[in-house]
Amino acid sequence: MQRVERDTRRGRGRVGTVLVVVVVLVAAVGTAYVLGIVGAPSVVAVENRFGEVTNETTGIETDLVVNNPNPVGVSLGGTTVDYTVRMNRVAMATGSKEGLSVERGNSTLPFTTRMRNERIPDWWVTHVRNDENTTVVVDATVTSSVLGNRSVSLGQEQRVETDLIGAFASEETRPVNASQSVVSDPVLYVNRTTAAWGNVTDERTPIDTSFLVYNPKTVPYTITEVGYTITMNGITVGEGASDREYVIEGGTTENVSTRTAIRNDRLDEWWASHLRNDQVTDLRIDFYAKLELPGGTEVRVPLDALTYERTVETDVFGNKGSTDGGANGSTDGSGGTATATPESGAAASPTATDTPFPTPTPAQTPTPTGGGLVAGTPTPTPDPDGSGTSTPTPSPSPSPTPTPTDDGGVLSVTDRTRFDGD
43 MQRVERDTRR
53 GRGRVGTVLV
63 VVVVLVAAVG
73 TAYVLGIVGA
83 PSVVAVENRF
93 GEVTNETTGI
103 ETDLVVNNPN
113 PVGVSLGGTT
123 VDYTVRMNRV
133 AMATGSKEGL
143 SVERGNSTLP
153 FTTRMRNERI
163 PDWWVTHVRN
173 DENTTVVVDA
183 TVTSSVLGNR
193 SVSLGQEQRV
203 ETDLIGAFAS
213 EETRPVNASQ
223 SVVSDPVLYV
233 NRTTAAWGNV
243 TDERTPIDTS
253 FLVYNPKTVP
263 YTITEVGYTI
273 TMNGITVGEG
283 ASDREYVIEG
293 GTTENVSTRT
303 AIRNDRLDEW
313 WASHLRNDQV
323 TDLRIDFYAK
333 LELPGGTEVR
343 VPLDALTYER
353 TVETDVFGNK
363 GSTDGGANGS
373 TDGSGGTATA
383 TPESGAAASP
393 TATDTPFPTP
403 TPAQTPTPTG
413 GGLVAGTPTP
423 TPDPDGSGTS
433 TPTPSPSPSP
443 TPTPTDDGGV
453 LSVTDRTRFD
463 GD
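Numbers 43 to 464, taken from our numbering, label the letters of the sequence shown in order.
Hints are not guaranteed to be accurate.
[To be verified] List of simulated lysine to any residue pairs, SDA-like, C-alpha gap at most 20 Å: (1) 332 <-> 243; (2) 139 <-> 124; (3) 139 <-> 152; (4) 332 <-> 254; (5) 139 <-> 98; (6) 139 <-> 181; (7) 332 <-> 275; (8) 332 <-> 344; (9) 139 <-> 192; (10) 332 <-> 235; (11) 332 <-> 262; (12) 139 <-> 154; (13) 332 <-> 345; (14) 332 <-> 363; (15) 139 <-> 172; (16) 332 <-> 222; (17) 139 <-> 164; (18) 139 <-> 86; (19) 139 <-> 122; (20) 332 <-> 294; (21) 332 <-> 286; (22) 332 <-> 227; (23) 139 <-> 168.
I should point out that these hints are in silico values taken from the structure, not numbers from a laboratory.
Could you put the whole structure together from the sequences, leaning on the hints where they help?
What follows is the structure, encoded as structure tokens:
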């Protein structure tokens with residue numbers, strides 16, 4: 043009985059000793075941390091790249107580089123990494139990882155976040171309203187409960203610029219051919235084009251376009267409709283037609299305006315194609331016009347000379363050109379490493395590259411062949427089809443004074459835009 047009591051007292055003594063040792067060790071670690079002998083792991087770099095892309099989601103692959111300044115590796119069960127990607131303050135993706143095992147020195151911790159493509163229209167609105175500028179901010183924060191709930195953050199910032207419609211503005215003179223037996227070509231000349239973003243809403247992104255049109259004939263044309271189709275990487279993101287009529291008298295110019303628009307709810311599908319194409323988008327806007335000719339005949343004229351094409355390239359994470367492989371095997375790999383500063387930090391912000399649109403060829407004065415000229419004082423010359431076409435004498439200003447003959451037709455267009463599905 044006495045032996046049992048002695049063994050019990052010894053067991054209690056050992057437990058007490060162990061508890062004292064644990065307390066001492068914890069106190070020692072705490073003291074060492076306070077004195078800087080034991081350091082808290084910190085984020086020193088973050089590398090991002092696009093991963094798998096579907097029509098619904100976009101994967102963002104992240105390699106978080108964590109530095110453990112201690113002489114031995116540690117398993118940090120009470121440590122959490124929080125990760126957020128924002129584009130113009132719109133939260134696009136968030137992620138979190140707990141229970142880190144960090145070796146001595148630098149360790150790379152890979153993880154994946156999923157961005158829902160349905161957020162793209164929200165970002166797009168901010169991008170256009172901000173003059174086609176986006177600031178991409180990646181925040182990674184490590185919080186450790188082991189060493190006093192200390193948090194260390196790393197911020198990475200990248201600026202993305204685009205110019206989707208800037209090259210639409212042109213002073214190049216372009217002929218418009220009807221390719222119809224009832225009238226000689228060219229039926230019109232377009233001397234100038236301009237475009238500007240309209241008032242962007244959550245549903246639509248208007249593009250206000252304007253064409254300075256010259257009628258080389260000696261009788262009026264009427265444009266009864268101007269239609270358009272907007273595609274991005276072959277995906278139709280907008281289409282419609284105006285219904286305002288424009289009458290262009292013979293030998294005069296008229297400013298024809300029409301509003302095109304992108305349907306924002308179609309941009310998530312475009313975004314997936316943009317990433318699959320290594321962050322490259324081919325924008326295309328096709329136009330047509332309906333002309334009413336003398337006698338009431340209406341013809342549809344494809345405005346091929348006004349087709350607008352623009353190639354735009356982005357570099358969201360500032361790492362294109364590396365070879366780790368991006369979305370669906372593209373070369374949009376990892377890179378763009380930032381250097382950490384406790385509680386804050388930022389990387390450099392290079393500007394995304396934008397493939398330039400070909401410089402418009404200076405306007406040239408066309409030589410009339412039974413049609414008309416862009417500028418000058420016309421003198422009627424009979425056409426083989428019996429229609430009279432003015433042959434202008436070139437001058438700097440396209441403001442001719444026509445001599446009436448019996449040829450022509452009429453033009454017209456409306457500001458109100460009809461959209462498919464409305």
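Exercise. Is the Cα-Cα distance between residue 139 and residue 192 20 Å or less?
Worked result: With Cα atoms ~16 Å apart, residue 139 and residue 192 stay inside 20 Å; holds.
Exercise. Does the structure keep residue 332 and residue 227 at a Cα separation of 20 Å or less?
Worked result: holds, 15 Å
Exercise. Holds or violated: are the alpha carbons of residue 139 and residue 122 at most 20 Å from each other?
Worked result: holds, 6 Å
Exercise. Given the hint that residue 139 pairs with residue 154, does the C-alpha gap stay at or below 20 Å?
Worked result: holds, 10 Å
Exercise. Does the structure keep residue 139 and residue 172 at a Cα separation of 20 Å or less?
Worked result: Violated, at roughly 33 Å.
Exercise. Quick one, are residue 139 and residue 98 close enough, alpha carbons at most 20 Å?
Worked result: violated, 23 Å
Exercise. Has the given pair, residue 332 with residue 262, been kept, meaning a C-alpha gap of at most 20 Å?
Worked result: Distance of about 14 Å is within 20 Å: holds.
For this session: Verify the proposed pairing of residue 332 with residue 294, using a straight-line Cα cut of 20 Å.
Result: Holds. Residue 332 to residue 294 sits at ~19 Å (cutoff 20 Å).
Problem set entry | Proposed proximity, residue 124 with residue 139 (alpha carbon, max 20 Å) | holds, 7 Å
Exercise. Is it true that the CA of residue 332 sits at most 20 Å from the CA of residue 254?
Worked result: holds, 17 Å
Exercise. If you draw a straight line from the CA of residue 139 to the CA of residue 164, is it 20 Å or shorter?
Worked result: Given pair residue 139, residue 164 is violated - Cα atoms ~27 Å apart, limit 20 Å.
Exercise. Taken at face value, is the distance from the CA of residue 152 to the CA of residue 139 at most 20 Å?
Worked result: Between residue 139 and residue 152 the Cα gap is close to 10 Å, so the pair holds against 20 Å.
In the structure shown, a violation is registered for the earlier hints numbered 1, 5, 7, 14, 15, 17 and 23, in ascending order.
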